[in-house]
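Colleague: All chains should be built: construct the whole structure from the sequences, respecting the hints.
Single-letter residue listing:
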Amino acid sequence: MLVNRRSVLKGSMAATFSGAAAGLMPARVMAIPLARPIASTGEMLPLVGLGSWITFNVGNNQKLLDASTEVMAAFFESGGRMIDSSPMYGSSQATIGYGLKKLGMPKALFSADKVWTSSAGNGASQIETSRRHWGVPEFDLVQVHNLVAWREHLELLQTKKAAGELKYIGITTSHGRRHADLEDIIASQPVDFVQLTYNVKDRAAEQRLLPLAKERGVAVIVNRPFQRGYLVERLSSSPLPDWVAETGASSWAQFLLKFVISHPAVTCAIPATSKVAHVRENLAAASGVLPDAALRRRMADYVGQL
Amino acid sequence: MAEWSSYSLSDLLLFSLQAYIGLFELLNTALWPAHMFILAVGLGIGLLVLKRSGAGYRFIWGLLGLLWIWTGWYFFSVHYTAINWAAAYVAPAFWLQGLLFGLFAVAPQSPDIRYTRTAADRTAIVLYLFALIGYPAVTLALGRSLDSVEFLGISPDPGVAATLAILVLSRGSFIWLAWIVPIMWCVLTGLTLWMLGSPEFFIAPLAGAAAVVAAVAAVSGRRLSQPVRTG
Numbered sequence: 001m002l003v004n005r006r007s008v009l010k011g012s013m014a015a016t017f018s019g020a021a022a023g024l025m026p027a028r029v030m031a032i033p034l035a036r037p038i039a040s041t042g043e044m045l046p047l048v049g050l051g052s053w054i055t056f057n058v059g060n061n062q063k064l065l066d067a068s069t070e071v072m073a074a075f076f077e078s079g080g081r082m083i084d085s086s087p088m089y090g091s092s093q094a095t096i097g098y099g100l101k102k103l104g105m106p107k108a109l110f111s112a113d114k115v116w117t118s119s120a121g122n123g124a125s126q127i128e129t130s131r132r133h134w135g136v137p138e139f140d141l142v143q144v145h146n147l148v149a150w151r152e153h154l155e156l157l158q159t160k161k162a163a164g165e166l167k168y169i170g171i172t173t174s175h176g177r178r179h180a181d182l183e184d185i186i187a188s189q190p191v192d193f194v195q196l197t198y199n200v201k202d203r204a205a206e207q208r209l210l211p212l213a214k215e216r217g218v219a220v221i222v223n224r225p226f227q228r229g230y231l232v233e234r235l236s237s238s239p240l241p242d243w244v245a246e247t248g249a250s251s252w253a254q255f256l257l258k259f260v261i262s263h264p265a266v267t268c269a270i271p272a273t274s275k276v277a278h279v280r281e282n283l284a285a286a287s288g289v290l291p292d293a294a295l296r297r298r299m300a301d302y303v304g305q306l
Numbered sequence: 001m002a003e004w005s006s007y008s009l010s011d012l013l014l015f016s017l018q019a020y021i022g023l024f025e026l027l028n029t030a031l032w033p034a035h036m037f038i039l040a041v042g043l044g045i046g047l048l049v050l051k052r053s054g055a056g057y058r059f060i061w062g063l064l065g066l067l068w069i070w071t072g073w074y075f076f077s078v079h080y081t082a083i084n085w086a087a088a089y090v091a092p093a094f095w096l097q098g099l100l101f102g103l104f105a106v107a108p109q110s111p112d113i114r115y116t117r118t119a120a121d122r123t124a125i126v127l128y129l130f131a132l133i134g135y136p137a138v139t140l141a142l143g144r145s146l147d148s149v150e151f152l153g154i155s156p157d158p159g160v161a162a163t164l165a166i167l168v169l170s171r172g173s174f175i176w177l178a179w180i181v182p183i184m185w186c187v188l189t190g191l192t193l194w195m196l197g198s199p200e201f202f203i204a205p206l207a208g209a210a211a212v213v214a215a216v217a218a219v220s221g222r223r224l225s226q227p228v229r230t231g
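Line order of the protein sequences matches chains A and B.
Take the first sequence: its position 10, counted from the start at 1, is 10 in the working numbering, and no numbers get skipped.
Take the second sequence: its position 177, counted from the start at 1, is 177 in the working numbering, and no numbers get skipped.
Hints listed in this document are in silico derivations from the structure and should not be mistaken for laboratory results.
Here the structure is a predicted model, which means the values were calculated and not measured.
All residues carry an ideal CB built from backbone N, CA and C; glycine is no exception.
Any given hint might turn out to be false.
Rough simulated footprint, nothing fancy, chain B against chain A, three-plus residues with beta-carbon under 8 Å [stated by the list, open to error]:
1) 45 to 57
2) 101 to 115
Listed next, with one range per pair, are the computed distances between beta-carbon atoms [stated by the list, open to error]:
3) P33/B / G304/A: 56 to 64 Å
4) S119/A / Q18/B: 56 to 64 Å
5) R151/A / V219/B: 52 to 60 Å
6) P33/B / T129/A: 33 to 41 Å
7) E138/A / V138/B: 47 to 55 Å
8) L12/B / R151/A: 22 to 30 Å
Modeller: Have a look at this one:
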């Protein structure tokens, strides 16, 4: 189910995406991006979130911490909810915590982090350290990062979820790694989310993982929608085709994002950026018309020919 | 982490060039005006070497030891690790290098540092001056702002270049041990900057290569100048 601007405004979910609910920048009118439900609960999630890999790893540099906060402010202003991070991403968690505090802990936030340690015994303490970095009372979602010690960590996450300490649990991979293992996990484990790499050039997930996730009612987070910026950089020298105008895409970044989020199994794509203009552009991709199956094929073919 | 082998080097870079350069802004601001003191000490060491007396080399090894231990602690453990957790694993290599120089300073057969006006030794002096003055100038010319350029004693790269220059001028049985970490760092920092898209990526590897060539030439020259014994 895809929820568009009109249906959100009409429906009871409107408050979830409203500026008032976010408590942010009251002078600005909040955008309402297209959203899809998390299959396990029906909670709506905007189709574009915010990743933090590389871009929010700024250490103690005050200037960059403030710049990251501006990106987060623009993200929430544009109707964004999910911010994703990991203990693997250097100081990104602390940067998010800094920004959230500055922004008054926006209510719209959907906090997604990961557990990433090969030692099963360290999982709980790592999650707690991450939570302190963010400054949130609890995470909405914790995922097992890159399938590291996944059996042990999933057991821990299930226990936490049962105890009400987590709303959702999940598992991640990236760069197309270990898709067979991921498939087994989706098929056999009670996960709410799966995170994987999917973009117009990396389409292996279309074969089995995305259909399986949809069938099993598992929400899908897509990382690397721009192949770490490489796709946008590479395509920027080519003209954006006229025929994507019908979707409202006005840049290559929006073209690429619309391709990803228009897959019916995808719940949220999480491009990372350090620029306010880019985060607005990304969120704007979750508006207007999403490509249908025929247009998606055309988009993939077009990029394939370039 | 059994799957590390499936990561490319670029996957392990978890920070941007902007964040890396921001690190030097932070350090330069925090340590200014120590730069002037370091520059004065650096020039003093250069003059000591140029005296060609061989005196004071224990003092130089001791200072180099302190430089490496300081860099391992302040740059890697305190600051760089904030954006690159792998820096915590590089710091011990710098400490070990510092300890090695400490041993050179106190060992009975301490390696000699001697300038002999050969082409190799002149190259070493040029490299030393480059580490002291040229490094910040070149990084400035390549687009950095003045508050983010790299200085000897504050950033590892100029310190490594200065160390390599001193090593070219050194003589001793175990001196080869002291080349390992600096050369490895030249490769690592070059790769890091290259993957970050920095135009400065070539500087440290070029400095390392120049030092190796100069050292090989120096050793060859010394062997050729030794008297040949016949029967």
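Colleague: Decide, hint by hint, whether the structure agrees.
Modeller: Comparing the hints with the structure gives:
no. : hint                        : verdict
1   : 45 to 57                    : holds (count 4)
2   : 101 to 115                  : violated (count 0)
3   : P33/B / G304/A: 56 to 64 Å  : holds, 57 Å
4   : S119/A / Q18/B: 56 to 64 Å  : violated, 33 Å
5   : R151/A / V219/B: 52 to 60 Å : holds, 56 Å
6   : P33/B / T129/A: 33 to 41 Å  : holds, 37 Å
7   : E138/A / V138/B: 47 to 55 Å : holds, 50 Å
8   : L12/B / R151/A: 22 to 30 Å  : holds, 25 Å
Checked against the numbered hints given earlier, the structure breaks hints 2, 4 and satisfies all the rest.
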